[in-house]
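Keeping their order, the protein sequence lines are chains V and B.
For the first sequence, the positions run 1 to 90 when our numbering is used.
For the second sequence, the positions run 91 to 339 when our numbering is used.
Hints listed in this document are in silico derivations from the structure and should not be mistaken for laboratory results.
Don't take every hint at face value.
Here are the simulated BS3-like pairs of lysine-lysine, each with C-alpha atoms no more than 27 Å apart in a straight line [claimed, not checked]:
no.: 1; chain 1: B; residue 1: K257; chain 2: V; residue 2: K10
no.: 2; chain 1: B; residue 1: K202; chain 2: B; residue 2: K108
no.: 3; chain 1: B; residue 1: K292; chain 2: V; residue 2: K49
no.: 4; chain 1: B; residue 1: K147; chain 2: B; residue 2: K176
no.: 5; chain 1: B; residue 1: K292; chain 2: B; residue 2: K108
no.: 6; chain 1: B; residue 1: K176; chain 2: B; residue 2: K257
Rough simulated footprint, nothing fancy, chain B against chain V, three-plus residues with beta-carbon under 8 Å [claimed, not checked]:
no.: 7; segment: 2–9
no.: 8; segment: 68–75
On the chain B side, residues computed to face chain V include the following (Cβ under 8 Å) [said to hold, decoys possible]:
no.: 9; residue: A101
no.: 10; residue: Q105
no.: 11; residue: D190
no.: 12; residue: L193
no.: 13; residue: T200
no.: 14; residue: A266
no.: 15; residue: S277
no.: 16; residue: L280
Note that the structure is predicted; figures quoted are calculated from it, not measured.
Every residue, glycine too, gets a C-beta built ideally from N, C-alpha and C.
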Amino acid sequence: MPGLRIDHEKCTECRMCYVVCREININAVVVSPTSQHLLEIDGRCTYPKCTVCLMYCPAEGSIVEADTGRSLVPPPPEVWTEDLRWPRQP
Amino acid sequence: MSLSTVNAGAALADQLRKQSEQDAAVTPIDAVLDAARAQNLTGDQCFRLLARLWTLKRMMYYVYGGWAQGINLNEYPPAVAYLFGKQIYDESTQEMQLCDEILRRRWARTQKQLFAHSYAQFGTATRTGAYIFCLRALANYPQNIRIAALNLGPKVIELAWTERFAKLFPDEAVHALFQSQLAETRSHVLMGKLQVERFVQKEVDIELARRLCVETRRDYLFFLEEAARFVLGMEEEKPGEVTVSGDID
């Protein structure tokens with residue numbers, strides 16, 4: 001189960017999370033195979049080791065912790081720290 | 091049928107769509123669907139299919155980039171630009187989906203590897219290239235003409251074969267992928283209908299649209315032929331072997 005989830009009530013579908021996740025070759029953000037083509041996060045997500053999507057998400061509350069539902073946008077200080085925000089090579 | 095009626099654009103839209111639907115009844119890519127339904131399509135062939143479609147979709151960025159430069163200020167109402175933006179976004183979504191599925195199955199490990207993979211190469215001296223350059227050349231025409239040529243030509247054919255793949259393709263994930271693209275592709279055809287009905291009225295524009303629609307349809311069918319042969323591992327066509335009726339005048 002992925003560590004992160006997208007809250008579609010708040011997500012603007014700007015696709016920045018998709019782009020940065022693809023950019024670092026984790027590829028956990030995908031276009032869902034439904035007519036709405038919403039973005040989803042799948043099991044390849046390595047959160048909390050990687051938090052790169054949180055850095056670039058512009059819509060408050062649109063990425064949440066899957067287990068707790070806690071909003072991670074903007075990232076809380078303990079999540080978004082200098083040494084955690086960019087992942088090591090997968 | 092004479093087009094010199096009150097709304098010549100409406101008659102033209104109807105005519106172009108019907109002509110394209112005739113070409114769409116059976117296309118070369120349907121051979122791939124037949125193979126899949128007969129359980130004769132391997133994983134590698136499925137990869138080839140998605141890779142060729144992905145290559146075409148991503149080349150649409152190149153096409154639309156050229157077209158966007160040719161939208162003149164105040165030439166059309168904002169709706170035309172809006173619909174064009176929507177179409178670019180949709181093509182982008184579909185490109186992303188195809189890439190997603192390839193990466194999910196680990197046929198390529200990264201997007202970078204996929205770009206370099208032989209199945210996903212864009213060759214200029216190919217049928218894919220001919221189709222893309224045909225579309226790119228439409229940048230020289232007004233937006234209403236090129237939308238008529240694409241959205242009531244190849245898009246009608248794309249919609250038809252996608253509907254068949256969405257209904258009958260046995261692989262669940264690929265089936266869902268095509269199914270999810272139907273509404274967008276259908277909307278492109280309807281967007282074409284709207285724009286032709288509203289903005290193609292002059293006799294010269296009607297003639298141009300008719301001519302260019304035949305050309306784009308023909309080149310798209312050639313692309314489908316090339317893609318199907320590649321997926322199924324058939325020999326490349328010999329000169330003159332493949333012909334598509336394309337009487338322009």
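Evaluated hints:
no. : hint               : verdict
1   : B:K257 with V:K10  : 33 Å, violated
2   : B:K202 with B:K108 : 41 Å, violated
3   : B:K292 with V:K49  : 61 Å, violated
4   : B:K147 with B:K176 : 15 Å, holds
5   : B:K292 with B:K108 : 21 Å, holds
6   : B:K176 with B:K257 : 25 Å, holds
7   : 2–9                : violated (count 0)
8   : 68–75              : violated (count 0)
9   : A101               : 31 Å, violated
10  : Q105               : 29 Å, violated
11  : D190               : 5 Å, holds
12  : L193               : 5 Å, holds
13  : T200               : 4 Å, holds
14  : A266               : 4 Å, holds
15  : S277               : 10 Å, violated
16  : L280               : 15 Å, violated
Checked against the numbered hints given earlier, the structure breaks hints 1, 2, 3, 7, 8, 9, 10, 15 and 16 and satisfies all the rest.
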